[in-house]
Amino acid sequence: MSFGSRTAGWIASAIMAATVCYSVFRIPIQMTDSLIPLLDAQRTPSVAAAFASGATNAGYFRPLRAAQIQAVYEVANGHYFAAFKGYQAVFVVIVFALFVTALEIDSRERLAALLFALTVLVGLHTFRGTVWEAYPVNHSLEVVAFCLLALVLARSKGGMWTDGAAALTFVAAAFTVESGLLVWVVMVAAWLAGARGISRRGVLIVSGLLVGYLAIRFAYLRTGVPALSERSSGFGLRQLGPDELQQRFGAHPYVFYAYNVMSSILTVLFSEPRAGVWTIPAEYLRGRVAAGTVINVLSSAITTTAIAWFVVRRIPVWLRLRFDRDDQLMLVALAMLAANAVISYSYTKDEIMGPAGVFYAIAAFVAVAHVLRGADRSGPRNAAVALTMALFVAASGWVVRTAGLHYQMHLMTFYDRNEWVYVDDWLVRQKSTPTTTEGKALVQQLRNDAIERRTIDPYLLSPRLDQWFR
Amino acid sequence: MVPIKAVALPATAWLVFCIVWLLFAGLGVPDGLDGRSMTLTEATAVASHADAARLLGKGADANARQRLRAGLVKNNESTMTPLEAATGAIRTGPLQMLVDHGATIDDANYSLLWCAATARNNQDMLRFLEMHRPASTPVDCARVRSLW
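Residue numbers (the numbering used here), protein chains in the order written: chain A, 1217 to 1686; chain B, -4 to 143.
Source of the hints: derived by calculation from the structure; they are not laboratory data.
Values in this document were obtained by computation on a predicted structure and should not be read as measured data.
Some hints could be false.
[Stated by the list, open to error] EDC-like, lysine to aspartate or glutamate: derived pairs with alpha carbons at most 20 Å apart:
{"no.": "1", "chain 1": "B", "residue 1": "K53", "chain 2": "A", "residue 2": "D1665"}
{"no.": "2", "chain 1": "B", "residue 1": "K69", "chain 2": "A", "residue 2": "D1682"}
{"no.": "3", "chain 1": "B", "residue 1": "K0", "chain 2": "A", "residue 2": "D1322"}
{"no.": "4", "chain 1": "A", "residue 1": "K1656", "chain 2": "A", "residue 2": "D1249"}
{"no.": "5", "chain 1": "A", "residue 1": "K1301", "chain 2": "A", "residue 2": "E1349"}
{"no.": "6", "chain 1": "B", "residue 1": "K53", "chain 2": "A", "residue 2": "E1668"}
{"no.": "7", "chain 1": "A", "residue 1": "K1565", "chain 2": "A", "residue 2": "D1665"}
[What the hints assert, rightly or not] Some chain B residues close to chain A (C-beta under 8 Å, calculated; not the full set):
{"no.": "8", "residue": "A6"}
{"no.": "9", "residue": "T7"}
{"no.": "10", "residue": "R31"}
{"no.": "11", "residue": "M33"}
Note that the Cβ used here is the ideal one computed from N, Cα and C, for glycine as well.
Using the sequences plus the hints, can you model the full thing?
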């Protein structure tokens, strides 16, 4: 039975990954996020030069991200769409493969819980921003992959090679983007919960690397942290611009930071607020709460209740420092939720909680598998019926949200293609109009590629579907 | 004990749908949802600047009456000019692009467009028309045929 369940789990994950890749390949290379980095890559002489440049950008320390863009650009040899989208799709496949590996599907109950968790993974709004965008490499998705790899390593049989792989994983993640530091959180939380695939020595090495990273970034390079006035962020019922943020919170930014941390935690657990904005009251004040908003909140609330129920039941066991494999997954997921929210203190955006969202799906898997194993069969029959109904409603809601990811990605395609029409005006506003023949040719090639691309127009499907997919 | 089916059934149904979807996508079906199947009128109605630019770049007539499939603006399939369709668009269409490619706003169609945009409360279209108002065009919507 375990072989059949494991195989079925891999097949289900492969189908989900294939559909996500399909939608990824519909989206053209984005203009606003990708064109200037591509023009930079065209001017940069080598991968090493890109690495050095990425290490010294004001406000950021992302040398491996810059190096990846340069490497894929050079490998592309003119086939930019295929190269960058192919690179993105590889990480989609890696994320799904690591996800199913980490969950160890060896029974019918765990297979059913995996099916549920896959829809949570794909349907949660934080995954949308994680998977669809590329700059032009998708570093958000890479961080998710690194975090899942850290979890798999932590739960492996261990050994010297595992410790080495853990160190390499941390360095790669941290040098790609700041949220890569979450890899350290996964490793430490897993070790504390009794997963010793990465040994104490390995955890100490990675912790030393973390200290080294912080020293390089803050003491040596002095790249600092993003300023309050750097970007817009949601607060209350609307988005506030940089100037407004500075005006309202410049004197006491910690109030704003605390709001961001709480918002980031709540958005993963309850799908509210979204990017710091409370959508239910905001939509109500505009006249109608969308059906999709209700589905999001309801499915998340039921799932979070199941997770909370599991946690409450297991706390007495945890207090005796006894952790089984599902306890380890749950504790790492909770640590990730808190850590991801804390490092996202400076502004709120759905996609920056992407890693926590993926681990929320793992927590959902643990809770649902626990329920399906009948661990709570002591309750009355009516409670079991109510629980069955609730989980069916949640599972159906997550399927709607999974379909919503694809709808939103096709909508993204629609808007991205429209942006490319006015690329020349945009480049003028950015003061980045290419002056070389090669630069102009690159812009023209990407523009033609976006506009001529075969797409499914979401408005031909129905102009009203956006009410269901939020 | 909670039945496994209650948890697994919705996701399983989705997986079956995905297989069918991917198969159909591989075969290029259905063509009707492909943005490239749109007329210039339809591209304008859904505010697809990209498809409008693609069609105009290939020589589409910015003043021609073309198919507007059912459900985009009206419940039934009809024919309209791109500017007429733009009055019913729910987002700002590629209006300036149409004019730049020869779409005319004159005494013959100004009142029709203005009254249709007013009926749809399309403020973007009304602002655009105001900027392109022919010098001596009085507008009396009671004497203008309805687009909707």
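Of the hints stated earlier, which fail here? Number 7 only.
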